[in-house]
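Assemble chain H onto chain S, guided by the hints.
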Amino acid sequence: MLTREMQDILADAREHGWVMEPQAKRFFGLAGLDVPRGGLARTPQEAGQIASVTGYPVVAKVVSPAVIHKSDIGGVVTGLANREGLEETFSRLSKTEGFEGLLVEEQLEGIEVIIGAKIDRQFGPVILMGLGGTMAEIYGDVALRMAPITERDVSSMVGGLKGKVLFTGYRGSRPPDMAALTALVTTFSILIEEIGDTIDSVDLNPVLCSWKRCTVADARIMLKKS
Amino acid sequence: MDLLKLFQPKTMAVIGVSLTNESHPANVIFNKNNLRQRVRVFAVNNRGGELRGEKVYESISHVPGPVDLAVIATKAHLVPDVLSECVQAGAGAGIIISGGFAETGRKDLQDRVRAIATEGGFPFVGPNCLGIYSPPHLDTFFIPSERIVRPEQGKVALVSQSGGVLVDHMVKCAAEGVGVSAAVSIGNKAMVREIDLIRYFSEDPGTAVITFYVEGFDENEGRQFVMAAGECPKPIIIMKTGKTSEGTRAVKSHTASMAGDYAVFSSVMSQYGIVEATDEFELISFAEALSCYPGSIEGRVAVVTGSGGHGALCVDACAAHGLMVPGLDETAQGELRGQVSPVIQDIASFRNPIDLTGSSVDDDFAAVLRYLSRRQDIDCIIALLLPYLPGISTDLGARIGMIYQQEKKPIIAYVPHVEKYWMLIEGFMLNDVPVAHSVEDAVHMAEALKRHRSC
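Those sequence lines, one after another, are chains S and H.
Each residue of the first sequence is one higher than the one before, starting from 8 at the first, in our numbering.
Each residue of the second sequence is one higher than the one before, starting from -11 at the first, in our numbering.
Looking at chain S on its own, in the form it has when it is part of the complex (with noise of 0.2 angstroms):
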């Protein structure tokens, strides 16, 4: 069930037709998935102070209804060591347009996934899950199922991605943490069905997963449009 917050985050986002990455978190965040910690900030000093709980080095994504894909404008900056770099970062992208706040974030380490979920005309709610990141288009190596998906669809999905080795471990790199990522997609698909009357589409891109931990780094939903 969707906790009254979860319902707000979703009422509150239909103007634009899209829940931007820090409500998606948290509206995932509430759902039970892995968030990073962190906060947003509306000014460098704020972007100082969360930096200093979540401790350097720390990410810094730039919040704004028109921006969608943030990469595309330099609007995500990792690896910001020091206080002056983030401040840096935050007077530039302040002037990015529609500009709301940066989001300020612990760096996290891992493989990147992405895990989606699409509300087809045909199949209703079907899941995705695929090399994430900036490849996931360039290589669309991706595996589909129509939810709900069991653990074993899970493993299946895997086993059927061309990258399915960087699940395993390679060149003595430890694998990820496949537990959490199955109660990960298994929890999503859950819930993918709960709000179906409501999304278009999701995008979790990337979900870091290290051998520790499987964490949404960014989110993304998409409404259906009225």
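The set of hints was computed from the structure by calculation and includes no laboratory data.
Source: prediction; values computed, not measured.
All the pointers check out, no bait thrown in.
What follows is a set of in silico ranges between Cβ atoms, one per label pair, in the way DEER data are often shown:
#, chain 1, residue 1, chain 2, residue 2, range
1, H, 99, S, 128, 18 to 28 angstroms
2, H, 26, S, 194, 49 to 59 angstroms
3, H, 396, S, 11, 53 to 63 angstroms
Built from N, CA and C at the ideal position, the CB exists for glycine as well.
Then chain H, alone, in the frame of chain S:
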């Protein structure tokens, strides 16, 4: 929805026969059923009269005794009234051949017809369709008998959104010797839909495999289809057209752009163990393979051949289609060598592919297939039977067929499909060993067994 009267009616009224135009679809349907099918058929036209010496009834209610099936081929605007009469007369089911409904923008007329039928508890196929071919009971395809190619009665049910494609599939089934339990052209599928037919054929003892030709599903219909398929104990094969879509270009999320209509369709079919065929040749091959062996395999194939080249071709094709050809160990090779004729013991290769060479005889193939059928590490055997080898006789098909009947490990044969070899081919097919027309086709058949999952 009880569909038995659609497929096995004892009596049938053909409504809308012409008294003046012998080539009217209703007349073709009346004549071909009256002369050649088991159903007892009555002609109906509101003017009454006679047709080729048979009485024409003025209305379905004038037909003596109960009518199981009403075939309606009148003008579209008359269909609602005709349908009401059918319901009142207590007819069991209907087929609406007539066009002029949703396909020409008259969805309102189609909705009216559906409402009348739903209220009357009267299942119907169509409108805008060829109807049903269900040997030996009936054939409502309005194609004159001399023009249609009829496959033999068999175990494959064909369901199609296109009448033209369906007729083509029947021609190809006949050419491959694949028997058909029923063929249904569902047209605009205003009432009876794919889902109803999955349920009917899953209960029909005459059907072993169900195939679908689908152009598209309505909203959420795909979901209902796979759920029904998931409960069906018989293999289901599907072929889809309309794979390219313009609709997904303007989207803003990665997921929506990567999860296009066809990508989703194909993934969901495979998720539910439905075997997708990419063209009509695959469709027929898959149907043949799965009607012989309705189980599923993991895909550990043994290849037996009388020609090294054919063996190599087959191994390459297996690799390209995700099938394994595991090598046999030394012990197994030794055991195999001990079972074949002395003359080939030193020249044959037993590792897998197993090449028995051009000097092999029937007994060698029989011994090797029997041995492989009993091995746990092999779950499917492809036998490349080259009938031009002098030691191979036309009896070998039935002989290997008997091995399959006894051991129940799937065997797929390849024999060139020319008339000269037809006795060999029939020997296989009568014993549930599918026969491919090429090496690649044999591998396709094995792939179908792998992709089908019993749910």
